[in-house]
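A.B. asks: As a plain string of letters, each chain reads:
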Amino acid sequence: MTTEAQGEHHDPPYMMIFAVLLIMTMGEVGFAFLSLPKFWLALGLCVMAVWKALLVALYYMHLRWEPRRLWILVAAPLPLVVILITAVLTEF
Amino acid sequence: MTSHATSAEQNMMVPDLTFEPGMKVFNMKLGMWVFLLSEVMFFTSLIGSYVILRFAHPDHFPEPGVVLNVPLTAFNTFFLICSSVTMVKAFAAIQKGDQQKFKLWLLGTILIGAAFVGIQAYEYSLLVAEHFGPSAAGYAPVGRGMEEGGPIVGGPLYGATFYTMTGFHGAHVSIGVLCLIFVLIQAMRGKYTAADHRGVEVIGLYWHFVDLVWIVLFTIVYLI
Amino acid sequence: MATHAATAEGHATGAGHDEHHKLSFIRTYIFSTDHKMIAKQFLLASLLFLLIGGILAGLVRWQLGFPGQPIPFIGSMFSDTTAPGGIILPEFYNSLVTMHATFMIFFAIMPLLVGVWGNFLIPLQIGAPDMAFPRLNTASFWISVPAGILMLASFFVEGGAAGAGWTSYAPLSANPEYSGVHMGQVLWLVSLIILGFSSLTGAVNYITTIINMRAPGMTWFRMPLPTWSLFVTSWLLLLAIPILTGGLIMLLFDQTIGTGFFNPATDGEPLLWQHIFWYFGHPEVYILILPAMGLVSEVISNRARKPIFGYHAMVLAIISIAFLGWVVWGHHMFQSGMNPLLGTSFMISTIIIAVPSAIKVFNWLGTLWKGDIHFDVPMLHALAFVAMFIIGGLSGIFMASAPVDIPIHDTYFIVAHIHYVLFGGSLFGIFAGITFWFPKMFGRMMSPKLGKIHFWVTIFAYNAVFFPMHNLGLRNHMRRIYDPNSYEYLQPLQGLNTFISIAAFILIAGQMIFAFSFFYSMFFGEKAEQNPWKSNTLEWTAAGHPPGHGNFPGGTPHVYRGPYEYSSPESNEDFLPQGVPPEPVRRGAVPREPGFLPTGD
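Residue numbers (this note's numbering), protein chains in the order written: chain B, 1 to 92; chain F, 1 to 224; chain L, 1 to 601.
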């Protein structure tokens, strides 16, 4: 890890991620209007949304190249999100 | 580190070695990440309430596309994703020290971000005209393409959750646009260089986070 | 280590020298970016709110002790909508109860613990020249000022201040028609939303500072316990406050633009508000006690001249409390009609969380065991903390059990419990902290004589106020009731209520001794030496006295050992500061008894 510029640069594949995000968004819109059971629609859409969100976090927010300890820090609130929503959902 | 450990990694400025090695990233970036974690919790309380209320009262929430204009918003989503890619392009340009490209990409990000907010305001105005408002008293949409006076679609929880979630997301985008304008002014004064462009990276984190939230919101509000 | 040392010396010049030119009055005292000045600002502001909260408590106790009688001395000052002729109206009583809790929790105890000690101690104890973001730190204080002003202003708007309780349960708080308060409730909500930003900026600052700005050698397990507890508390703040902010915003929309999130009239869910509130509210409980535990650990170890018993266990207990604190919120809602399966799991997790708290208590006792105990004022407060926290913790176990909670829910038993942990716990911890670090803050010692008088008055009056409340609660005296005499079965308790009220007035009056001593000692107290408590931590041994801008005049200090090496055999003195290198210390001293061996490392 030096601050000096090195000879060769490899940018992360920004444009490819952009293309994937666009295609997945179009795919999502199409998928939402298929005549499938509601459960499978919701599940499929959630999986695609999480996938897209991960792509943004890993490549655009450069999480992929960050130290492992930052990953742990970033993951901290995720269990709390799950706990809150699932616990309260059992009420209704 | 992988062979991809590249320009992105080089620019994680080495923290001040006067101190015990902590997170191995510079303070401002760590601070932004920590702040974003609290943003995750903030949107959790809004989105979580939506999920719970929808689960408790499914009859309040009509099928996708019945009230909301999905094609318009899909177009808007495209805009926001574009603004994310222009932002990383600006970051990549300043990493190489290309001031001209950096400012252009940054300006592009600001314009596209502002356009997103504009389209959202336009969408709101259309929805309000169709009697789809946030308050329980003002809630009377009949669905897109239906004649006035028909049966009301959904219930008031739909309007309340929709406007709260998308409204606070829109507010975040607006704040992001203001911050980017500030960064652009600093860039004009030549504050950012290939050696030190921490401000750009940090505002980029915020901007991509806002994009990330929209990815989730678009799916669960408009499509499910 | 060696490389750190080398680079640190290379950079050492940077720390102390930048701010030598004299700053203007405004930059020094008002919009200061110096963490120590911001800590003092928080201290004065929150002591003011502590006084206001105390006065509100006094009014509440007047109504309960002497129902329907005019308030003496100040009764004629009240308007006709609050207390005509000095007789408190029921609506005003609701506002008093609500605002007492709001001021005490959000504007007094929270800033006294987190705002004051987070700002003052963190950079000094980890060896940093200032916070990671000094200007954000200034903002953190000045954001909280409008919040306080709005909250105070709510007393003077139409309909009076919020009266739905500090928990603001919906739909009472969601619809102006139910509580009769609209503007006051709106101001309450807006004020807490603004205050949330203040806490948030503070938390971001503390976390970044502790992670990234520890002096060389200040490893995680060499950090003093106050800093550890503030670090964990900051995480709780960071992740819990936004949840409340989201809930407050939805409630604000319910009040103002007529959304129906929590209003059953439009299919909203009042239970959702309770879940959101307590999902914030339970971590909040630990926000209010963990920093006090940290302060007390420091004082007890120092004043018993012994290493803290089980340092690692203490740290792990703090961390596990923070984790478990996220899965116990439902124990506030056993009576809400929640899913019984959920209730049982909350009951079990709540009983489990008593384990780390008990570990801490036993470690304090272990630290005291065979210690060379100095009964100075900070130590008296710290010991009172431990004793009162045990009582509060035991009554907590009662409530954790859902079947036992059914009869005592919403009675004075709960009031007794909350005051045993929040006054007996947090506030005694705060008094221990203020009296301990006062010399570092103001360069003078607090008067020990006045301090002891204040302590003994407080501990006796305090127990006279709150211990009988257990009894009231077990006889089903409702919490937040305006006139208990309206129920026949509560009429025999009037004598006890009057006794509690008189004790409460003595308690409030006793705090004036502290206020006098605080300001008197600030200007006329005995001048403090560099290290009056013979402490090991960096703020006493390495920092200037009082520390100027940049804290460490000789550059960033180096740390060689843990913070509680008291009575160490490696040193001829009975303390061994963190910043003293191992080499020059004379060896050969034999441990006096096996019990005095320093822990580990």
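Since the hints were derived computationally from the structure, they do not count as laboratory data.
Note that this is a predicted model, so its numbers are computed, not measured.
Any given hint could be a false lead.
[Claimed, not checked] These stretches of chain F come out as covered by chain B in the derived footprint (C-beta under 8 Å, 3 or more residues):
1. 86 to 93
2. 148 to 158
3. 213 to 221
[Unchecked claim] Some residues of chain L that are not near chain B, with every Cβ distance over 10 Å (derived):
4. Phe-442
5. Glu-526
6. Gly-548
[Claimed, not checked] Computed from the model, here is a short list of chain L residues facing chain B with C-beta under 8 Å:
7. Trp-326
8. Met-338
9. Leu-342
10. Ile-513
C-beta atoms are modelled at their ideal positions from N, C-alpha and C, and glycine is treated no differently.
A.B. asks: Each hint should be assessed against the structure and marked as holding or not.
C.D. replies: Okay, the hints, checked on the actual structure:
no. : hint       : verdict
1   : 86 to 93   : holds (count 4)
2   : 148 to 158 : violated (count 0)
3   : 213 to 221 : holds (count 5)
4   : Phe-442    : 37 Å, holds
5   : Glu-526    : 46 Å, holds
6   : Gly-548    : 32 Å, holds
7   : Trp-326    : 6 Å, holds
8   : Met-338    : 6 Å, holds
9   : Leu-342    : 6 Å, holds
10  : Ile-513    : 43 Å, violated
Going through the hint list in order, the structure does not satisfy hints 2, 10.
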